[in-house]
Amino acid sequence: MEFTKEDVSQIPEPHRDFLQALWPIIDSRRTRAVLRISGIPFSRLYGMLLERHGYEPSQARLVADDLKKAGLVEEDLHGFFTPTGRGEALLLAIREVPVERGCVPVFPQI
Amino acid sequence: MATRRSPWFVPYQATDTEYSFFISYVQGDAKDVKRLKQELETKSAKRHDPFQCFLDIDDWPLGRVSMEVIREYLLRSQFMIAWITPSYLQNTRGWNWMELASASLIELSMNHDRLVTLAPFVVPIFRGVSVSDVERTPWLEFWQRKIGQLNQRTSIPKLAELLISLRQEESKRRIDLGL
Numbered sequence: 110m111e112f113t114k115e116d117v118s119q120i121p122e123p124h125r126d127f128l129q130a131l132w133p134i135i136d137s138r139r140t141r142a143v144l145r146i147s148g149i150p151f152s153r154l155y156g157m158l159l160e161r162h163g164y165e166p167s168q169a170r171l172v173a174d175d176l177k178k179a180g181l182v183e184e185d186l187h188g189f190f191t192p193t194g195r196g197e198a199l200l201l202a203i204r205e206v207p208v209e210r211g212c213v214p215v216f217p218q219i
Numbered sequence: 687m688a689t690r691r692s693p694w695f696v697p698y699q700a701t702d703t704e705y706s707f708f709i710s711y712v713q714g715d716a717k718d719v720k721r722l723k724q725e726l727e728t729k730s731a732k733r734h735d736p737f738q739c740f741l742d743i744d745d746w747p748l749g750r751v752s753m754e755v756i757r758e759y760l761l762r763s764q765f766m767i768a769w770i771t772p773s774y775l776q777n778t779r780g781w782n783w784m785e786l787a788s789a790s791l792i793e794l795s796m797n798h799d800r801l802v803t804l805a806p807f808v809v810p811i812f813r814g815v816s817v818s819d820v821e822r823t824p825w826l827e828f829w830q831r832k833i834g835q836l837n838q839r840t841s842i843p844k845l846a847e848l849l850i851s852l853r854q855e856e857s858k859r860r861i862d863l864g865l
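One line per chain: the protein sequences are A and B, in this order. Going from the first sequence to this note's numbering is simple: count from 1 and add 109. Going from the second sequence to this note's numbering is simple: count from 1 and add 686.
Excised from the complex, chain B in its bound form (with noise of 0.2 Å):
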């Protein structure tokens, strides 16, 4: 059998990670995810597992090229939460696609040697938009990747705590499957 490898290969340690979850979002939403970040970072202590969410507004280290930034700080994470909105949708400045990139190159190595995606990187949650709002976009092939028990609605805090509840069960998994 002729095996084609692909030739976009990102050498990523998922174990070695200064962050649980990268958000990527558009300037629209940035209360929403702030709140997230708060959320996620709060709860996680309470539960005797703290864990660090890089978010822009508070993390970005000034005066470094932005590309570089959006990749360096992707593999420093352990997962890309996607906020997707119809705000970001209509984005025209086009960062949250370029980290939408580079993060499936990362999902993208971290499951070269199988037939699909096992362990994803790339976490989409997905809040007031349809089907045929993502239709054309490269979002549609996640449309299908969500989380349970998530409604577009769900509550912040609702979610937060679904999102440790991910990380603990897809931590598990890397590590069976020698990640």
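Only chain A is shown next, with the shape it has when bound in the complex (with noise of 0.2 Å):
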């Protein structure tokens, strides 16, 4: 699943912010962190619209919906945020970092 540049320069700000809140819990995976962070609150992610955005709750709440519809994010009972594969994928292309083979082969030329 790769996104292009093209994809990733038609997400609204607020939704690419949104997303790119979610990048500790990627980070903290991909790094081995001692301190692993596995979801963001909805509070923070509240608190973090507002302040660059001016979004009021439901505003907030209204960009979490888009994502979670587009298959880009998942919200727990307790709601916490993480990206599904896709929001990850759609991250790395946003943070323009490479994907990691990590144990997969190299497929050969034949």
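Keep in mind that the hints are not guaranteed to be accurate.
As the list claims (entries may be wrong) - What follows is a set of in silico ranges between Cβ atoms, one per label pair, in the way DEER data are often shown:
hint, chain 1, residue 1, chain 2, residue 2, range
1, A, Val213, B, Arg779, 52 to 58 Å
2, A, Lys178, B, Arg779, 43 to 49 Å
3, B, Asp862, A, Asp116, 27 to 33 Å
4, B, Gly814, A, Asp116, 42 to 48 Å
5, A, Asp116, B, Arg733, 44 to 50 Å
Read the hints as simulated data drawn from the structure, not as lab findings. Using N, Cα and C, we set each Cβ at its ideal position, and we do this for glycine too.
Join the two chains into one complex using the hints; note that each chain is given alone, in its own frame.
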């Protein structure tokens, strides 16, 4: 699943900020950090959207719902958000981080 | 874009600290946190990177206003560890909550120009509590911030090792972030 620069450029700024705010979840896993972040509470995401865009809670909720409908984020029962696999791929594209192959072998040119 | 910066800003010098960990707890857990402090200080010395922890029963300066002491010594620490147990959550004296409030402001200030918290100051250690116990408390926001490889029964010596690694890792991160 890859996203192009054109895809990325179409994402509205509040939605992009919302996704970027989930970065510590991916970062703490990628770097095998001692302190793991496994979800970001809606209250913090709302606080960020209020500070950066002057959004009301209902507007922040709309942003969250848009991203949920697009299959980019998930919310648990306690209001913690995490990116889905698709959301993570988009977030990596936004941050221009190459996807690591990890243990996936290189497919030969045959 | 209209950026509204939080007015709650605390000047904090992450590199200019006397204590590595400020330990927030309640009296019923004094024995455990005393042991944790000893383990942290002994293990860090053995690794030739000694540091100190602030624990009120050892380090409280007498004759001072309590809130002032809390604020001052949090500012003189690299991180605040919170030892969150059933006793902590049931405590009605309130100092632990004042510590969390002040520590949260430091963390907010350290990350004021970032989308989210990239440099944590508050390090929660949940012991014997579930998400439903913290659900209607300020700790819910921190529930998904946990030390990897840690479960609620991890021994105190093992926990001290993890905290020493965390300190090293987060100190590097703070340098990378220019803090």
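We went through each hint and held it up to the structure:
1. Checked against the hint of 52 to 58 Å, the pair valine 213/A and arginine 779/B passes, with Cβ atoms roughly 54 Å apart.
2. Separated by about 46 Å at the C-beta atoms, lysine 178/A and arginine 779/B satisfy the suggested range of 43 to 49 Å.
3. Between aspartate 862/B and aspartate 116/A, the C-beta spacing of about 29 Å keeps the proposed range 27 to 33 Å intact.
4. Separated by about 46 Å at the C-beta atoms, glycine 814/B and aspartate 116/A satisfy the suggested range of 42 to 48 Å.
5. As the Cβ distance of aspartate 116/A to arginine 733/B is approximately 47 Å, the hint placing it in 44 to 50 Å holds.
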